[in-house]
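Spelled out from the first residue to the last, the chains are:
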Amino acid sequence: MLTMTHLVALTPLILVCITAVAVMLGIAWQRHHAGTAIASAAGLNIALLSVLVIWQMGPVETPLLVIDGLALFAAILILISTLVCVTLAHAYLEKYPGPREEFYLLLLCAAAGGIVLAASRHLATLFFGLELLSMPLYGMLAYAFRERHSLEAGIKYLVLSAAATAFLLFGMALLYAQTGRLDLAGLAVALTEDPNAWALAGAGLMLVGLGFKLSIVPFHLWTPDVYEGGPGPAATFLASASKVAVFVVLLRLVLVAPAFQGDWLHGLLAVLAVVTMLVGNLLALAQSNLKRLLGYSSIAHFGYLMVALVIGDGLAVETVGVYLVTYLVTTLGAFGVVTLLSTPYSGEDAAALHHYRGLFWRRPYLTAVLTVSMLSLAGIPFTAGFIGKFYIIALGVEAERWWLVGGIIMGSAIGLFYYLRVMVTLFLVEPGMQRRDAPHDWGVRAGGVVVLGLALLVLLLGVYPSPMIEWVKLMAVAGS
Amino acid sequence: MEIAFYLSGLVAVLATLGVITNANPVHALLYLIVSLIAVAMVFFSLGAPFAGALEIIVYAGAIMVLFVFVVMMLNLGEGVAAQERAWLKPRTWLGPAVLAAALLLVLIATLWRGDIGLVIQGETLTAKMVGITLFGPWLIVVELAAMLLLAALVTASHVGRMAPDKPATNRETGARGDA
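So the protein lines, in turn, are chains A and B. Residue numbering for the first sequence follows this note's numbering, beginning at 1 and increasing consecutively. Residue numbering for the second sequence follows this note's numbering, beginning at 481 and increasing consecutively.
It is worth saying that the hints were derived from the structure and are not from the lab. Be a bit skeptical, because a hint or two may be false.
What the hints assert, rightly or not - Straight-line C-alpha distance at most 20 Å; calculated SDA-like pairs for lysine to any residue: (1) A:Lys156 x B:Ala636; (2) B:Lys608 x A:Leu2; (3) A:Lys156 x B:His638; (4) A:Lys156 x B:Val639.
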């Protein structure tokens, strides 16, 4: 039964849902773009504040959800990236012909799904959280559905995601048939007593379903097309909040369920990690579209992150936390610049690399933000990305997994090439190039301020990471 | 009871194969109805009559009727009568009919033996127990399902919206518009 303590612990989720319902009612009553955006941002901010309050409470277990350090950590990251997406969407959708308010409604629903997913301790909430995260994303990706690419992205994600969900459900059914339990703790106990091939198959199928959402390599084929086609804010959400939530739940599964700790599955995870890093980076080399490139780069980054899953002890949780924070800040910055350059909406996003040629001479500050993001993605010192990569390599070296460490180093070396190529493009002078562009008041608009703030945060985390590391340590202690 | 379970399961699998191998949407839908009813039988044999009844009422009843209506309406305007006659060939209805007959046989056999509350193992799950679980510890799942439906509805209504300024005709297929 739900008690008062449970309800208090679930406040962030309830607040996000209430905001979504309020936005829905607002749309039904009177459409107002700026009002909807402000209401969504306000609701998300209040939810964020409530997370900070609940942080003091310590872990609470409701019948289907567990509100521990890990869940709250993920909730904070998800809420922050949703806030960034709301801000970007407000500028992006200003000139969108057609209804604009629904985007915020979908965004809020997806955020609620992410929070549930990261807090789930039961297969039912895991499934519902994942669906609530994905279902609005179909609509967000296909939001500009008169664009061929956007509609294609939405439908591609819908069909492939449904297939992945089928795998996930089948895996759950096998686990249930073996153990008769649906809660993760019960599953873990039952599987320790009687590990067998069916349970392993179930765990493997669940891994396929979650691997699709994280675009781990054999299941990554949708990523570049969907990132390229989806409208900027939707792609931003897909690359940040959605991946964080799914990765946190995968981490929970791997830490809790012994089926995931068997040798066989561990070996599989290690192979997938190495293949993901290498393939992601190699495919990114040939891209001439910044969004596709960022898509492949996110594949590679989740390959690095999987190293922490494979090792799974010692500093693993802390490493995942640090890496997720640095990845999130950097990705939000990079996608934010792409979205701002495509703002306001006028057909397809400006994502081809030639759009960025000589950007420095037109928009120096935006270029600086993108440069910092690229450096951070490449893992150059004095940026946040370096701290994350340092943690991963330290973890790999400590566990003496030399193949994984070699994969990370190879991947980073390849990655450096294409990140630098983007940066070179930014500074190229083009003959006969326009020195000035359209009126650029982007810096004073909310989206510009957010992107500049993210770039500063990337630098700050790179130079002075200790507060963040302390915070993540607190999370890891409360979570385990 | 195991026989009923396996027979219904077999019918469900065969009917689903019929759904995905059939090129004609209405024929595929006939198979789908049989498949859903077979799954309902599986639920009954497992001792979950509430889920079985819901499966029949919601899926085989409401949703399938909706499907059939939509598919039929999309085919309007052509030689409807001729097509209806063409659809009524034995090789069209024989497959679903045989599968449905197998299900009927299972049902009659179960009724014949007289013990309605027969299940494979465990106790029968009543609607009351389902309700207590759903609105007790699983309340959050019910609420999440509501949010999920909201998101799905908004997505469908947004993407399905017609352009206000453009004529609403699909030029490639002419599926909508002047007709």
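Exercise for the section: Any hints from earlier that this structure breaks? Give me their numbers in increasing order, please. Expected result: As far as the earlier hints go, not one is violated by this structure.
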